[in-house]
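A.B. asks: Single-letter residue listing:
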Amino acid sequence: MSAKTPSRLEKIMAAGHLGVTSECGPPRGSDPETIREKAELLRGYVDAVNVTDNQTSVVRTSSLATCIHLKLMGIEPVLQMVTRDRNRIALQSDILGGASFDIFNLLCLSGDHQSFGDNPQGQNVHDLDSMQLAWTARKMRDEGKFLGGADIKRPPRMFVGAAANPFADPFEIRVPRLAKKIEAGAEFIQTQCIYNLDKFEEWVKQARERGLTEKVYIMAGVTPFKSAGMAKYMKNRVPGMDVPDDVVKRMADTPKEKQAEEGVNICVETIQRLKEVDGVKGFHIMAIEWEEMVPDIVKRSGLYPRPEIA
Amino acid sequence: MIVADKKPVEEIIGYVKDHEKILVLGCNECVTVCEAGGKKEVGILASSLRMYFANQGRDIVVDERTLERQCDHEYLEEIRDIADQYDAIISIACGVGIQFTAEKYHSIPVYPGVNTCFLGVTEQRGLWTERCQACGNCILAYTGGICPVSRCAKRIMNGPCGGSSKGSCEINKDLDCAWQLIIDRLKAINRIDLYEKMFDIKDWSTDRAGGPRKVVREDVQI
Numbered sequence: 011m012s013a014k015t016p017s018r019l020e021k022i023m024a025a026g027h028l029g030v031t032s033e034c035g036p037p038r039g040s041d042p043e044t045i046r047e048k049a050e051l052l053r054g055y056v057d058a059v060n061v062t063d064n065q066t067s068v069v070r071t072s073s074l075a076t077c078i079h080l081k082l083m084g085i086e087p088v089l090q091m092v093t094r095d096r097n098r099i100a101l102q103s104d105i106l107g108g109a110s111f112d113i114f115n116l117l118c119l120s121g122d123h124q125s126f127g128d129n130p131q132g133q134n135v136h137d138l139d140s141m142q143l144a145w146t147a148r149k150m151r152d153e154g155k156f157l158g159g160a161d162i163k164r165p166p167r168m169f170v171g172a173a174a175n176p177f178a179d180p181f182e183i184r185v186p187r188l189a190k191k192i193e194a195g196a197e198f199i200q201t202q203c204i205y206n207l208d209k210f211e212e213w214v215k216q217a218r219e220r221g222l223t224e225k226v227y228i229m230a231g232v233t234p235f236k237s238a239g240m241a242k243y244m245k246n247r248v249p250g251m252d253v254p255d256d257v258v259k260r261m262a263d264t265p266k267e268k269q270a271e272e273g274v275n276i277c278v279e280t281i282q283r284l285k286e287v288d289g290v291k292g293f294h295i296m297a298i299e300w301e302e303m304v305p306d307i308v309k310r311s312g313l314y315p316r317p318e319i320a
Numbered sequence: 093m094i095v096a097d098k099k100p101v102e103e104i105i106g107y108v109k110d111h112e113k114i115l116v117l118g119c120n121e122c123v124t125v126c127e128a129g130g131k132k133e134v135g136i137l138a139s140s141l142r143m144y145f146a147n148q149g150r151d152i153v154v155d156e157r158t159l160e161r162q163c164d165h166e167y168l169e170e171i172r173d174i175a176d177q178y179d180a181i182i183s184i185a186c187g188v189g190i191q192f193t194a195e196k197y198h199s200i201p202v203y204p205g206v207n208t209c210f211l212g213v214t215e216q217r218g219l220w221t222e223r224c225q226a227c228g229n230c231i232l233a234y235t236g237g238i239c240p241v242s243r244c245a246k247r248i249m250n251g252p253c254g255g256s257s258k259g260s261c262e263i264n265k266d267l268d269c270a271w272q273l274i275i276d277r278l279k280a281i282n283r284i285d286l287y288e289k290m291f292d293i294k295d296w297s298t299d300r301a302g303g304p305r306k307v308v309r310e311d312v313q314i
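Residue numbers (our numbering), protein chains in the order written: chain A, 11 to 320; chain B, 93 to 314.
Source of the hints: derived by calculation from the structure; they are not laboratory data. Note that the Cβ used here is the ideal one computed from N, Cα and C, for glycine as well. Accuracy of the hints is not assured; some may be wrong.
Said to hold, decoys possible - Derived Cβ-Cβ restraints for the label pairs, each shown as a range:
hint, chain 1, residue 1, chain 2, residue 2, range
1, B, Asp176, A, Gly158, 49 to 55 Å
2, B, Gln216, A, Thr66, 33 to 39 Å
3, A, Gly221, B, Asp295, 31 to 37 Å
4, A, Lys268, B, Val213, 53 to 59 Å
5, B, Leu267, A, Arg46, 40 to 46 Å
6, B, Arg283, A, Asp255, 34 to 40 Å
7, A, Tyr243, B, Glu160, 51 to 57 Å
8, A, Asn129, B, Gly302, 24 to 30 Å
9, A, Leu207, B, Gln216, 42 to 48 Å
10, A, Glu286, B, Asn282, 36 to 42 Å
11, B, Arg277, A, Gly26, 39 to 45 Å
12, A, Lys268, B, Thr221, 48 to 54 Å
As the list claims (entries may be wrong) - Straight-line distance between alpha carbons at most 30 Å, and here's what the computed DSSO-like set of lysine-lysine pairs gives:
hint, chain 1, residue 1, chain 2, residue 2
13, A, Lys236, A, Lys259
14, A, Lys225, B, Lys132
15, B, Lys289, A, Lys190
16, A, Lys14, B, Lys289
17, B, Lys113, B, Lys132
This is chain A alone, in the form it adopts within the complex (with noise of 0.2 Å):
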């Protein structure tokens, strides 16, 4: 695979380079010193950051705005786009949005209900879904014409992702879903975070068999645990998660003053193993309101020095 947009995720994962990324939540006010400080902590250890969208449906500055912050630092983002908030009218404006600003990677998603957050009694629209969103970004770029027909003038350059949970159910149709992303215009893909390796790595394997691996790269997700508490509550409160038994006990095993550090010791353990996986093309780091770890286990992982990438 070459890469086809100046993007410099893109471009490390084409050159067979693990792509690394980590993700910054927008804050819950208007405050850009938030947002640059959470990035500053990222800058130099992945490859692109990316921006959430109102994630779990919590009305948050907007992934856009945050997007072009990280630009106007010199960080390179990843613009979350869900579908449960704008019509393709809005969703093609906003990726016009970003591209005048240069943003080059795109996520599409279909978003978190909004009855799990603060708005529950709100309209969602889902006009799109995220595989037509892919498909409507990749016409965009590649065709330079809106859903409409109209040619566009100076059309999106834009590196189209598509998120992957293959933990979900039911397991048969993952891999069929996968090829109908990629077949949608996905060109990487970001997986749900990954406890139960042994699932990720069957996945993977049958992906690899339809050719899959070949046609997208598969970052994994990780997550660390911060606590036991946290590993139970992925395991049991949050939809389409796997959090093996093992795993929780070990974090609960754990005295408690050393439980964060344990939790980084499995996020790095698993990034460790995964590196191995044919088909595994870059990981996405996801600490959640916890991103100064990134920096350790990206080192720790042996994914530090990022690649320098003309």
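Place chain B on chain A using the hints.
C.D. replies: Using the frame of chain A, we list chain B on its own:
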């Protein structure tokens, strides 16, 4: 059928408390089947109102009537001769019937006695569930006869999303994941190949997005 649910009687009292002569108007179709607005419910609501007004020491007329339908001229015309006797009508038909009654009896206030909920089925007595959102552009041929528009909480056309777990939807364990049902059904009819094709972007102009809708059939017009 159109499924409705009874409004709390306190809410209905709030609408009609200043009226003197009230007609409670039921419908013999869908709302009878879902036990929200048929003859039986007309009787129950009228009795509740009479008791309320009696307790207030007020002599208020509350009459009962149930029409075959409230969504057709001919049945609504059956109350033409008596409608003027009332200064309020409480319709416990669906939202369609309530509106058509209001359109026909222009000078009489018509109040809703039910909340109209969805197009659905009787799964069992006392349990009605949604099946259709009348999007105006049916895709059931491709989804194994199970509708993602009405049954997926995110109306995802290329599901299931990452929140599908053990057959349940992420928003509620008691809710089936529509895409799990679709996949099971496609397998049962040996058409899982349909799953592999990406669903094109849907034309929602036939949905509510296109404004109030109309079906015109000149061939059956008189």
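A.B. asks: Is it true that Asn129(A) and Gly302(B) lie within 24 to 30 Å of each other by Cβ?
C.D. replies: Given range 24 to 30 Å: holds, Cβ gap about 26 Å.
A.B. asks: For Lys225(A) and Lys132(B), compute the direct alpha-carbon distance and say whether it is at most 30 Å.
C.D. replies: Violated, because 63 Å separates the two Cα atoms, which is more than 30 Å.
A.B. asks: With respect to the beta-carbon atoms only, verify the hint that Leu267(B) and Arg46(A) lie 40 to 46 Å apart.
C.D. replies: The hinted range 40 to 46 Å holds for Leu267(B) and Arg46(A), with Cβ atoms some 42 Å apart.
A.B. asks: Mind checking the hinted window 36 to 42 Å against the Cβ distance between Glu286(A) and Asn282(B)?
C.D. replies: Between Glu286(A) and Asn282(B), where Cβ atoms are some 39 Å apart, the hint holds.
A.B. asks: Checking one constraint from the list: CA of Lys289(B) to CA of Lys190(A), max 30 Å. Satisfied?
C.D. replies: With Cα atoms ~7 Å apart, Lys289(B) and Lys190(A) stay inside 30 Å; holds.
A.B. asks: At the C-beta level, are Tyr243(A) and Glu160(B) separated by a distance inside 51 to 57 Å?
C.D. replies: 56 Å, holds
A.B. asks: Does Lys259(A) sit within 30 Å of Lys236(A), going by the straight-line distance between their CA atoms?
C.D. replies: 14 Å, holds
A.B. asks: Cβ-Cβ distance between Asp176(B) and Gly158(A): within 49 to 55 Å?
C.D. replies: 53 Å, holds
A.B. asks: Regarding Lys268(A) and Val213(B), is the given constraint of 53 to 59 Å on their beta-carbon distance met?
C.D. replies: The hinted range 53 to 59 Å holds for Lys268(A) and Val213(B), with Cβ atoms some 55 Å apart.
A.B. asks: Look at the Cβ atoms of Gln216(B) and Thr66(A) and judge whether their distance stays inside 33 to 39 Å.
C.D. replies: 35 Å, holds
A.B. asks: Is 31 to 37 Å respected by the C-beta to C-beta distance linking Gly221(A) and Asp295(B)?
C.D. replies: The hinted range 31 to 37 Å holds for Gly221(A) and Asp295(B), with Cβ atoms some 33 Å apart.
A.B. asks: Return holds or violated for the Cβ distance of Arg277(B) and Gly26(A) against the range 39 to 45 Å.
C.D. replies: 43 Å, holds
Violation of the numbered hints given earlier is confined to hint 14; every other hint is satisfied by the structure.
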